[in-house]
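Asker: Spelled out from the first residue to the last, the chains are:
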Amino acid sequence: MPEPMLALSGVNTRIGQYHILQGVAFEVPRGGLTMLLGRNGAGKTTCLRTIMGLWRASAGSVRVEGRDTTRLPTPELARLGVAYVPENMGIFAGLTVRENMLLAARAGPPDEKRLEWVFGLFPALRKFWNALAGNLSGGQKQMLAVARAIIEPRRLLLVDEPTKGLAPAIVANMIEAFRELKRTDTTILVVEQNFQFATSLGDSVAVMDSGRIVHTGAMADLAADEGLQQRLLGLSLDAHQ
Amino acid sequence: MKPRFDWIPLALVALVAAAALPLVASAPIWLTLTVAGLAMGMMIFMMASGLTLVFGLMDVMNFAHGVFISIGAYAATSVLIALRGAMHADSLAANLAAMAPAAAAAIAVSGILGWLFERVVIRPVYGEHLKQILVTMGGLIVFEQLIKVVWGPDMIAVPRPQALSGSFILGQAAIERYRVLAVVVGLAVFAAMWLLLNRTRLGMLIRAGVENAEMVESLGYRIRRLFVGVFVAGSCLAGLGGTMWALYQESITAQMGMQVMVVIFIVVIIGGLGSVGGCFIGALLVGLLANYTGYLAPKLALGSNILLMVLVLMWRPRGLYPVGR
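So the sequences go chain by chain: A and P.
Letter by letter, the first sequence follows residues 1 to 241 in our numbering.
Letter by letter, the second sequence follows residues 1 to 325 in our numbering.
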């Protein structure tokens, strides 16, 4: 069995007096897209931030391609090819779209072909190339956040709620962009509340509740089992279509 | 679609100067006050620009910033006294040949102290504002006393370069030569900082770090190194500003850094935390207003700056050029 791209084992994370992650364990297989689902407050964002090294695990281990990264500083993890799109998008509002992208391309000016490919995914970015990122709409900011993460080839892409607060047309654009991304050899882990988005794209799924993983499996199986959805997520697929 | 420059704060500087003209009622006096105000603003900018970046990038409230101003002034004065002969020569070249090593000494000593201070005092209290206030205030007091130990507790006279003493006479207006130099040096520092911040990758990183340090780390950059570099650069600028201020005042005391800190904080707040452009405009406004009110209503001189801060914050609560966060 090939080594997973990402493996968490018994991960515990505390923030102040709160014990948020309580022994999280799951694996993200190489290639494809894994969805991390769960109710509000289940610990999904904390899980991504712990993987990224932004919050430290107090116990357990995080391994990226077999390498223990639990104590690795965030910049070192990024240099291993792990990119992160936070829930608040983390764009630099006082910088132009171009400057945001240039900063993300650590190896030097972005490769022209790659840039054209990114523009193909998110055409609005070409139009607003020299505009201040802070002046973009919410959807355009989200496009920039994802585009920035993929301006160079990455091994693992961590994305926190890419459709949060977006209009349906922008969500459709996001779905298409992630479909295209799946065709590359980047492994993607997405935290998402939009079940339709999750079922459209997810190959595998992990579901969190109260700081623990309560289910892992194929996304298609969860999508087909309304009872399981109801039990794990407190929703029915119909309600989200 | 290029981002538009916000001209309103810059126009405010011209507006304040224009509004003062009928109040002063004498064009030569107004010109003298205006140049004095601009020169004062430039020196405040040099001293404050490092602090605003440290505030913005590192979220550190460094009340000990005044130490770097004082120590720079003392280091420069030591060199200037040793080169007294060149300072008293009539030749501008000889004067500048003495001032250049003095400024270099100030920059070096303040920079080294800044590096040590970041490592020993600031680093253990990142993210803890109350502790930052306490330890940096403590650091300020300790270093003030150390200055007294090394250089003595008395005021020291600073020799002003001979060629820069006296004034240019422009019509009926007298414009101090040294103030013209201060304006030139201040503009050069601002231009260098503007170019660095807006035309280089390092500048982009600093601007991005001021907005969201965590995201800069997530992109693979070691923000801690950037912190240290900016802190040291800010200390160097404070040392240079302290040197210019010492030559302007023609005397130094161990408390000089602490005394200008009130004005520096006002400038940093008016400009918008982390904004170098805002700091520049804020410093010019403070310098001009201090000179106009010092002439028109001397008792209002310090109060006018606080009033200016209140008015600016009522208009723009995050300062003249708020840094997007």
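Read the hints as simulated data drawn from the structure, not as lab findings.
Don't take each hint at face value.
Chain A regions said to be covered by chain P (calculated; three or more residues, Cβ under 8 Å) [to be verified]: (1) 78-85; (2) 205-215.
Short, incomplete list of chain P residues facing chain A, as computed with Cβ under 7 Å [stated by the list, open to error]: (3) E176; (4) Y221; (5) E250.
A short list of chain A residues far from chain P (calculated; beta carbon distances all over 10 Å) [said to hold, decoys possible]: (6) E3; (7) T70; (8) T74; (9) E99; (10) G138; (11) A220.
The beta-carbon is built from N, C-alpha and C at its ideal position, and this holds for glycine as well.
Asker: None of the hints should be skipped; say for each whether it holds.
Answerer: Okay, the hints, checked on the actual structure:
no., hint, result
1, 78-85, "holds (count 4)"
2, 205-215, "violated (count 0)"
3, E176, "37 Å, violated"
4, Y221, "6 Å, holds"
5, E250, "40 Å, violated"
6, E3, "23 Å, holds"
7, T70, "17 Å, holds"
8, T74, "4 Å, violated"
9, E99, "5 Å, violated"
10, G138, "15 Å, holds"
11, A220, "32 Å, holds"
In summary, the numbered hints that this structure violates are 2, 3, 5, 8 and 9.
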